[in-house]
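Enquirer: Read off the chains here:
Number of protein chains: 4
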Amino acid sequence: MAGKIEVGILGATGMVGQHFIRFLQCHPWFEVKWLGASDRSAGKKYREATGWRLDGVMPGSVGELTVGECKPGNAPHLIFSALDASVATEIERAFAEAGHVVVSNSRNHRMEPDVPLLVPEINPEHLKLLPHQRRRRGWRGQIVTNPNCSTIVLTMGLAPLLPFGITKVMATTLQAISGAGYPGVPSMDIQANVIPFIAGEEEKMQQETQKILGEFTGEEIRPLAAKVSAHCNRVPVTDGHTVTVSVELTAKPQEQDLLACFDNFVSVPQQRHLPSAPPRPIVYMPECDRPQPRRDAERERGMAVFFGRLRPCPVLDWKFVVLGHNTIRGAAGAAVLNAELMRSEGFFD
Amino acid sequence: MAGKIEVGILGATGMVGQHFIRFLQCHPWFEVKWLGASDRSAGKKYREATGWRLDGVMPGSVGELTVGECKPGNAPHLIFSALDASVATEIERAFAEAGHVVVSNSRNHRMEPDVPLLVPEINPEHLKLLPHQRRRRGWRGQIVTNPNCSTIVLTMGLAPLLPFGITKVMATTLQAISGAGYPGVPSMDIQANVIPFIAGEEEKMQQETQKILGEFTGEEIRPLAAKVSAHCNRVPVTDGHTVTVSVELTAKPQEQDLLACFDNFVSVPQQRHLPSAPPRPIVYMPECDRPQPRRDAERERGMAVFFGRLRPCPVLDWKFVVLGHNTIRGAAGAAVLNAELMRSEGFFD
Amino acid sequence: MAGKIEVGILGATGMVGQHFIRFLQCHPWFEVKWLGASDRSAGKKYREATGWRLDGVMPGSVGELTVGECKPGNAPHLIFSALDASVATEIERAFAEAGHVVVSNSRNHRMEPDVPLLVPEINPEHLKLLPHQRRRRGWRGQIVTNPNCSTIVLTMGLAPLLPFGITKVMATTLQAISGAGYPGVPSMDIQANVIPFIAGEEEKMQQETQKILGEFTGEEIRPLAAKVSAHCNRVPVTDGHTVTVSVELTAKPQEQDLLACFDNFVSVPQQRHLPSAPPRPIVYMPECDRPQPRRDAERERGMAVFFGRLRPCPVLDWKFVVLGHNTIRGAAGAAVLNAELMRSEGFFD
Amino acid sequence: MAGKIEVGILGATGMVGQHFIRFLQCHPWFEVKWLGASDRSAGKKYREATGWRLDGVMPGSVGELTVGECKPGNAPHLIFSALDASVATEIERAFAEAGHVVVSNSRNHRMEPDVPLLVPEINPEHLKLLPHQRRRRGWRGQIVTNPNCSTIVLTMGLAPLLPFGITKVMATTLQAISGAGYPGVPSMDIQANVIPFIAGEEEKMQQETQKILGEFTGEEIRPLAAKVSAHCNRVPVTDGHTVTVSVELTAKPQEQDLLACFDNFVSVPQQRHLPSAPPRPIVYMPECDRPQPRRDAERERGMAVFFGRLRPCPVLDWKFVVLGHNTIRGAAGAAVLNAELMRSEGFFD
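Residue numbers (the numbering used here), protein chains in the order written: chain A, 34 to 382; chain B, 34 to 382; chain C, 34 to 382; chain D, 34 to 382.
Keep in mind the hints are simulated off the structure, nothing from the lab. Computed from a predicted structure; not experimentally measured. Check the hints yourself; a few may be wrong.
Identical copies go unnamed one by one, so any copy, or any two together, can satisfy a pair.
The list that follows gives simulated cross-link-like pairs (lysine-lysine, DSSO-like), each with its CA atoms no further than 27 Å apart [unchecked claim]:
1. Lys285 <-> Lys78
2. Lys260 <-> Lys161
3. Lys161 <-> Lys285
4. Lys78 <-> Lys104
5. Lys104 <-> Lys260
6. Lys285 <-> Lys201
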């Protein structure tokens with residue numbers, strides 16, 4: 034490769050934008066060259082426009098970049114979107130229309146029928162929606178999305194079970210505070226507490242899961258015909274969403290079949306050695322009390338999903354626990370892996 | 034009533050014992066007069082034998098009591114047991130044999146067929162097991178137990194649904210650290226973390242629930258023929274177990290039927306105005322993000338169970354959240370309410 | 034007393050206002066009859082205007098009151114102010130001008146030379162500033178203030194030492210999140226963290242302490258001529274500010290002299306049996322690891338200050354730890370005690 | 034260098050031992066080849082003998098090593114000691130006697146007059162005690178120690194001020210739970226709480242600071258003649274001790290003099306490019322609310338100390354905040370840096 038691919042970040046001053054910047058530091062393929070934010074920030078240096086909210090300090094490389102307006106103009110071809118849902122619909126569309134590849138973490142376009150809701154280990158073939166998207170919309174560019182943070186964790190845990198025929202899924206989340214951004218959850222609400230509600234989250238988990246695990250028919254995505262029910266809770270954890278899952282499967286596999294499935298699960302990102310792909314996307318932990326968010330979420334650079342406590346479920350068939358880093362695997366890292374998959378398909382040649 | 038009924042506490046120096054002492058302060062019917070603990074403590078004043086672990090300080094009334102050995106001898110007729118499971122089997126049996134009424138919070142005898150696993154709002158008629166217990170065992174006294182802390186919370190949430198025919202229950206707990214006693218959970222394990230495992234807890238929830246909701250046939254308890262599955266997690270909350278629940282019901286009630294059931298649910302303890310009975314055993318909270326452990330568990334002196342977020346479940350029929358104070362309604366308060374029920378039935382006349 | 038004294042609360046919908054409402058529930062002398070808030074809330078029922086942020090639920094008694102504008106008009110004579118500093122100066126002045134007794138928790142007027150910065154156990158004679166205040170300002174009413182939450186805790190710990198001649202005070206605080214109101218501190222900032230800075234807090238502790246411990250000369254307050262240095266930190270504690278203190282004293286007392294001073298410390302509120310006065314304003318805890326915020330702050334209805342770990346200081350003379358409930362003794366309860374002192378002086382006859 | 038220097042770890046299965054193992058992974062000079070632990074573990078593989086308590090999982094490299102008894106025998110020349118204080122005195126002495134270089138994190142020998150209490154950035158010349166130690170004790174080997182975790186953080190913050198003449202130091206700590214090892218602090222004690230006491234910690238900070246900042250006279254260490262007072266608190270933070278400090282200085286420097294001192298502070302480890310030396314041992318943070326443990330302690334691989342909020346102190350001369358990672362810079366990393374300094378002095382040639 035001659036040089037790195039220049040990338041831009043929409044919504045660069047917000048918390049998800051900061052996660053993109055941190056995750057892309059030293060990336061072997063991509064280099065952050067352009068930052069877009071609200072009018073309030075445009076024209077300022079990134080260092081001046083941004084209160085750095087992540088642990089540690091702002092990477093030196095981006096501080097001197099001048100923040101631009103969220104308009105296509107002279108932005109790079111590849112754009113990561115960390116835009117707030119309140120503005121993402123219009124801005125992302127404008128960039129796609131103008132020919133950019135928009136790899137978005139925002140929820141706005143996820144459920145549109147011609148937009149891939151992509152998890153490279155699960156449904157890389159959903160990229161085949163893109164010609165339909167371009168044709169139908171008359172865009173020169175395109176939009177690809179990644180799922181909601183808790184949905185990624187859940188679907189990564191379900192993907193190896195697809196061969197057994199998933200018919201019912203019951204999931205309860207214990208979600209980290211970082212999932213709510215900044216200022217996000219007031220400490221008076223979550224200190225030594227549980228909040229048994231996250232607005233819109235259960236609906237997203239239920240619908241997105243069916244689309245992600247669905248099949249590309251040549252024209253569209255046929256959602257997985259499984260019933261999915263989610264209970265979403267916020268807990269006083271910094272990073273890492275834990276999900277307890279019960280599943281019903283058509284085939285009635287034995288425990289060893291299931292474990293083998295998880296252990297052997299690798300997919301396109303591993304086969305193509307995408308730079309952000311974890312060697313094993315799902316790491317099985319045999320200890321009876323793992324995975325745990327503070328101890329495991331950051332392993333494997335936050336890109337693997339950790340799986341444990343597989344045991345029979347008296348109501349459905351099997352139950353288990355799955356954990357992933359919500360702001361890395363569940364947000365910025367997910368989008369970057371999507372772009373890596375696209376590059377490996379020649380999208381940026 | 035001429036005077037108060039004298040009571041003793043087995044395992045008085047431990048954390049559950051301390052909860053009994055605190056809960057029984059100023060009780061209108063019962064007065065703590067005797068404390069039993071291990072040989073290490075026996076002979077000392079309670080103040081000297083005990084490191085007080087609860088918030089606040091040791092009630093002055095008990096500090097000067099001399100701790101006795103855990104032997105029947107001159108203990109009062111009514112004995113609350115806060116014994117550790119490692120010693121409860123033998124000691125509780127010895128007291129029952131010697132004629133004491135043992136109202137136990139320990140798990141040891143809970144699942145024995147002739148021992149009531151009592152929740153006064155749910156199965157007061159299970160006390161009718163006691164004549165069978167005495168006859169079969171040849172005891173002069175008897176043993177009554179209360180359920181595991183998370184099981185009480187779950188079953189209180191299920192009890193109003195019994196008329197609709199409960200067939201499947203899926204529960205995920207988010208349990209407070211106080212449930213593990215002292216020293217209990219190391220802070221390095223739970224600080225900003227989730228532990229997705231509590232030894233033996235899921236089995237207890239699954240089995241105890243069926244027994245509690247079961248029917249007394251005249252001879253024994255026929256367990257509820259519902260499938261119950263539990264996922265148990267420890268979270269960094271001080272007091273209050275939160276449980277997310279999905280249920281399948283034979284009758285297919287409407288939301289208003291269910292809410293009416295919860296709102297109207299009162300039972301024997303309320304009708305008899307037992308001193309520790311909350312006016313409404315189940316408090317429905319209409320706010321979308323309640324109940325919450327730090328904000329709600331201590332309301333109603335910790336004896337009510339809080340219920341919220343009733344909504345359809347795509348996999349079973351309905352889902353909701355239920356919360357209760359694990360060391361009060363789930364332990365000491367539960368046992369005291371059991372004893373109050375027994376007194377109202379004339380057990381101590 | 035024929036009936037209760039009617040009181041109003043300025044800033045009633047905010048978190049401090051909610052603390053006033055909770056603290057005044059069932060108060061034997063005062064009854065909340067009037068609530069003032071911003072234009073946004075005025076005209077609504079309190080229940081509709083207010084998101085209740087305290088643990089538990091809104092007291093039923095106030096929910097149906099209609100919120101008024103923050104204008105004197107038909108408000109009761111006695112007004113508690115929980116106004117935000119951004120608006121307190123003008124509104125409190127308007128009420129005082131119109132003849133109301135404004136007992137304020139806001140910081141705005143605290144350091145004005147003719148405004149009492151009152152802690153009833155320490156400086157009840159500072160009320161004698163009020164005739165000067167009225168004369169100088171030409172007001173029919175008056176303004177009385179209570180100190181900043183961490184300052185009250187510190188000065189309560191210092192008051193018994195005044196007879197020994199305090200010359201230097203070094204204090205480091207570990208302050209609860211509730212001190213910052215709602216939404217207050219974002220959880221991403223304080224979760225498993227320390228923030229070693231609270232805007233303006235160190236200056237307030239340094240200046241207010243000198244005024245509170247100062248002497249009324251017949252005309253004004255002569256500040257205590259002690260050097261005071263404060264380090265202020267926010268820690269992940271819900272309620273209760275802990276302060277580590279080192280002091281230099283002119284007299285060189287022995288440990289037993291100091292302990293006797295603390296043990297015997299009672300003052301006007303105790304002598305007059307004011308309803309919110311704790312029996313002992315300073316509770317000495319002999320245990321080596323107390324006081325602790327979660328275990329002690331709520332004792333004595335949150336109105337006592339807890340003191341422990343008295344030991345020699347190698348740099349100054351003595352060092353110790355002092356703790357108090359920041360939203361009760363340090364805010365709403367402090368103001369109510371001020372009003373009780375004033376009533377005992379005949380202010381509302 | 035031909036090959037790596039083989040090292041052993043005493044107390045390898047404990048939490049500090051685990052920190053050594055993690056810190057030494059991939060070390061360019063040292064390789065862990067020998068692990069010693071109690072009789073209970075001796076003879077087992079490390080993987081079987083050890084419950085891994087650190088976040089993440091046990092490094093693969095050591096799991097298959099067989100744990101030995103804590104006896105000199107065939108252990109490597111360079112031994113790191115993570116022994117518990119209850120056994121360290123005898124075992125470390127036996128190893129030194131047998132010719133080993135014992136680089137200890139235990140407190141037992143720290144205050145002995147012929148044992149260096151070494152912080153390579155502060156007092157590398159204290160190594161000159163070692164010939165005296167060997168001569169006086171008749172040992173073939175030697176013992177070198179590093180300070181208590183909170184003392185290292187404090188002394189690193191004080192070292193640049195030595196030229197100004199330090200006469201008084203007042204320090205209050207906010208210490209992380211990891212400082213207490215495993216199981217360490219029960220969660221019921223520290224959850225949403227502060228414990229204003231850590232046994233022995235204040236004495237250690239007061240005495241060790243004087244020795245560390247003392248001068249080698251050719252024969253012994255003359256302690257710094259400054260008065261030091263410490264208040265030690267445990268707070269619900271995972272890693273990183275925060276210390277608020279006030280100092281009195283003989284010279285009366287201006288703020289810019291002090292900042293220059295901190296900014297320019299580098300020492301022997303930096304000059305010799307020791308592998309674990311941070312490029313700048315003290316990192317000044319200009320933000321008003323930094324350093325913070327969760328955000329800063331892990332930066333620079335946990336080996337730098339972070340400094341902020343320099344401002345005048347009304348009681349002494351200046352006050353500031355200093356923060357360091359207690360289990361890295363304050364324990365395992367400190368000992369490894371000591372050994373690196375020794376190697377650079379030719380100790381292991």
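Enquirer: Give a verdict on every hint.
Expert: To see whether the hints hold, each was checked on the structure:
Neither within a single protomer nor between protomers do Lys285 and Lys78 lie at most 27 Å apart by alpha-carbon distance, with minima of 58 Å and 38 Å respectively. Proximity of Lys260 and Lys161 under a CA criterion of 27 Å is satisfied intra-copy only: 26 Å inside one chain copy versus 43 Å between copies. In this homomeric assembly, Lys161 and Lys285 never come within 27 Å of each other (Cα to Cα): the closest approach is 32 Å inside a single copy and 43 Å across copies. Within a single copy, Lys78 and Lys104 get their C-alpha atoms as close as 17 Å, which meets the 27 Å cut-off; across copies the closest is 45 Å, which misses it.
For a Cα distance limit of 27 Å, the shortest separation of Lys104 from Lys260 qualifies neither inside one copy, at 40 Å, nor across copies, at 56 Å. With identical chains, the CA atoms of Lys285 and Lys201 are at most 27 Å apart both within one copy (13 Å) and between copies (20 Å).
The structure fails to meet hints 1, 3, 5 from the earlier list, while all remaining hints are met.
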